[in-house]
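Asker: Residues per chain, in single letters:
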Amino acid sequence: MIDNTSDRPTQEITLTVNGNEITEEVEPRHKLSDFLRYRADSTDVRVGCEHGACGACTVEVDGKNVKSCMLFAVQADGSDVLTSTGLNEDDGLGPIQEAFHENHALQCGFCTSGFIMATKELLEKNPDPDREEIVDGLSDNICRCTGYVNIIKAVEDAADRMDTVSQATGDD
Amino acid sequence: MKSEPFVYHSPVSVEEVVSLMNEHDHAELVAGNQSLAIQMNNRLATPDHLIDLNDVDDLAYLDERDGAIEIGAMTTHNTIAESDVIDRKLPILSEAARQIAGPSVRNVGTLGGGIGEADPAGNYPTVLTALDATITLTSESGDRSVGVDDFFIAYMMTEVGENEMITGATVPTDPFPIGRTGMSFLELKRVSHTWPKLSAAGIVRVDDPTASEPTVEEARLTFANASDTPLRVEAAESAIEGTSLTDDALDEAAGIAMDSADPADEMQAEAEYKEEQVGIFTERALREAYDRALDQ
Numbered sequence: 001m002i003d004n005t006s007d008r009p010t011q012e013i014t015l016t017v018n019g020n021e022i023t024e025e026v027e028p029r030h031k032l033s034d035f036l037r038y039r040a041d042s043t044d045v046r047v048g049c050e051h052g053a054c055g056a057c058t059v060e061v062d063g064k065n066v067k068s069c070m071l072f073a074v075q076a077d078g079s080d081v082l083t084s085t086g087l088n089e090d091d092g093l094g095p096i097q098e099a100f101h102e103n104h105a106l107q108c109g110f111c112t113s114g115f116i117m118a119t120k121e122l123l124e125k126n127p128d129p130d131r132e133e134i135v136d137g138l139s140d141n142i143c144r145c146t147g148y149v150n151i152i153k154a155v156e157d158a159a160d161r162m163d164t165v166s167q168a169t170g171d172d
Numbered sequence: 001m002k003s004e005p006f007v008y009h010s011p012v013s014v015e016e017v018v019s020l021m022n023e024h025d026h027a028e029l030v031a032g033n034q035s036l037a038i039q040m041n042n043r044l045a046t047p048d049h050l051i052d053l054n055d056v057d058d059l060a061y062l063d064e065r066d067g068a069i070e071i072g073a074m075t076t077h078n079t080i081a082e083s084d085v086i087d088r089k090l091p092i093l094s095e096a097a098r099q100i101a102g103p104s105v106r107n108v109g110t111l112g113g114g115i116g117e118a119d120p121a122g123n124y125p126t127v128l129t130a131l132d133a134t135i136t137l138t139s140e141s142g143d144r145s146v147g148v149d150d151f152f153i154a155y156m157m158t159e160v161g162e163n164e165m166i167t168g169a170t171v172p173t174d175p176f177p178i179g180r181t182g183m184s185f186l187e188l189k190r191v192s193h194t195w196p197k198l199s200a201a202g203i204v205r206v207d208d209p210t211a212s213e214p215t216v217e218e219a220r221l222t223f224a225n226a227s228d229t230p231l232r233v234e235a236a237e238s239a240i241e242g243t244s245l246t247d248d249a250l251d252e253a254a255g256i257a258m259d260s261a262d263p264a265d266e267m268q269a270e271a272e273y274k275e276e277q278v279g280i281f282t283e284r285a286l287r288e289a290y291d292r293a294l295d296q
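Sequence lines, in order, name chains A and B.
According to the UniProt record's numbering, the first sequence is numbered sequentially starting from 1.
According to the UniProt record's numbering, the second sequence is numbered sequentially starting from 1.
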């Protein structure tokens, strides 16, 4: 929880989260992960280990993935933040989310939003990764249920789906 | 866990950072925050003031000069991993940067942070020791340059003084002419987000890569986590210099490196195991560096 009922000093910050601008008072020690869950209502951001080992809290800040428990919210003042919910499309799930759903790439689902963000960055840099590149691209994220096999399948499937989408729309 | 409360500062210039350090006791500088945040979250570090370097644009640079490359302290692992000039002239540095943790850590983690942390298992301290780099430190009284040999003092202890900051590193490129130099950085680790149990940096310059048996003119061999500071084994380097990297020369170098190593026991890797690996990694790193020197 984060609250401002103590007399510790706070600081006003403004972030854009999945397209919504949010201005709040926070203590400097509050993590971006806390801000997203408690102030931006982005409970898709999961806090697993809170010291940078598990990757469950991975979000995109100004176009680059970071572990949001390793960034103080004040450091992200003025930034544009994207969480896994921000990948939804008008009619439902986006291609990465759909690929995870259809390939059973989750069991408990706690790690999934982090894996989806890792997949997004990986496929943006490398639209057609091989297995080894997928493993490296996901190496900041831990899943304790699946054994990763279906997660890797989902990333391959997402790459195919996005390739089909870009061919259909004529993008590169 | 949450860190203890602190006051946050986000200066935009080196001068401002220096004056903030002088103004405040118990201040910490934060670069990529991939190690300090862990320590703060676990309350192993409890600074009263946190001085964030991320808005100091002057510290993120990568300049090719005559005979050297200068790298700013706030240059990220990804920038180093993806730099064409580093890949061409100092490929061991990009190879080392690519092997740090995973992509989201490499997006924000920095050269200066890795040097300042001085973890004996860290990649940059060991590679910069192999490359014989110089670290620039800045304080109120100006800049001073410190060679890597004098910089890493003990386990996670460096030459950085009170109210002094790391602003960059200068890496000489003259000793490593493209076309007859090979470099190799090898890590021993099972899981990408952990520290390696051991790493080896090998550099080999040969006289003529087209000769039937090219001779090693100069070699460098350093290890991470084989001692409490980066370990350079000059006697092992000498053992292969002047040879065409024969098996005998490699064996001799491996034996010398194993004798020089003084690793600490850790979970999943006893000292004895690491010592044995020092011998194996000596051969692998130097062999790969030599093969790369020839294959261009």
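The set of hints was computed from the structure by calculation and includes no laboratory data.
From the three backbone atoms N, C-alpha and C, an ideal C-beta is built for every residue, glycine too.
Check each hint, because a few of them may be wrong.
Stated by the list, open to error - Below 30 Å or equal to it, Euclidean Cα-Cα: the simulated DSBU-like pairs (lysine-lysine) are:
{"#": "1", "chain 1": "B", "residue 1": "2", "chain 2": "A", "residue 2": "153"}
{"#": "2", "chain 1": "A", "residue 1": "64", "chain 2": "B", "residue 2": "189"}
{"#": "3", "chain 1": "B", "residue 1": "2", "chain 2": "A", "residue 2": "125"}
{"#": "4", "chain 1": "A", "residue 1": "153", "chain 2": "B", "residue 2": "89"}
{"#": "5", "chain 1": "A", "residue 1": "64", "chain 2": "B", "residue 2": "89"}
{"#": "6", "chain 1": "A", "residue 1": "153", "chain 2": "B", "residue 2": "189"}
{"#": "7", "chain 1": "A", "residue 1": "64", "chain 2": "A", "residue 2": "153"}
{"#": "8", "chain 1": "B", "residue 1": "2", "chain 2": "B", "residue 2": "89"}
To be verified - Covered, in the sense of this in silico footprint (three residues per stretch, anywhere, with C-beta under 8 Å from a C-beta of chain B), are these stretches of chain A:
{"#": "9", "region": "71-79"}
{"#": "10", "region": "116-127"}
{"#": "11", "region": "154-167"}
Asker: So, for every hint listed, does it hold in this structure?
Answerer: Here is what the structure says about each hint:
Pair hint residue 2/B plus residue 153/A does not hold up; C-alpha atoms about 36 Å apart against a cutoff of 30 Å. Between residue 64/A and residue 189/B, the direct Cα distance comes to roughly 26 Å. Compliance with the 30 Å bound is thereby established for this hinted pair. At most 30 Å may separate the alpha-carbon atoms for a hinted pair to count; residue 2/B and residue 125/A exceed this at roughly 33 Å. A hinted pair counts as satisfied when its Cα atoms are at most 30 Å apart, and residue 153/A with residue 89/B does not qualify at roughly 38 Å.
At roughly 27 Å between alpha-carbon atoms, residue 64/A and residue 89/B fall within 30 Å of each other, so this suggested pair holds. A hinted pair counts as satisfied when its Cα atoms are at most 30 Å apart, and residue 153/A with residue 189/B qualifies at roughly 25 Å. Distance hint between residue 64/A and residue 153/A is fulfilled; the C-alpha atoms sit about 24 Å from each other, no more than 30 Å. Proposed proximity of residue 2/B and residue 89/B is contradicted: the alpha carbons are some 43 Å apart, above 30 Å.
Remark: the region 71-79 of chain A is confirmed as covered by chain B, as 4 of its residues place a Cβ nearer than 8 Å to a Cβ of that chain, reaching the required three. Coverage of a stretch by a chain is defined here by at least three residues with a beta carbon nearer than 8 Å to that chain's beta carbons; for the region 116-127 of chain A and chain B the count is 3, and the condition holds. By the rule of at least three residues with a Cβ nearer than 8 Å to a Cβ of chain B, the coverage given for the region 154-167 of chain A is violated, with 0 such residues.
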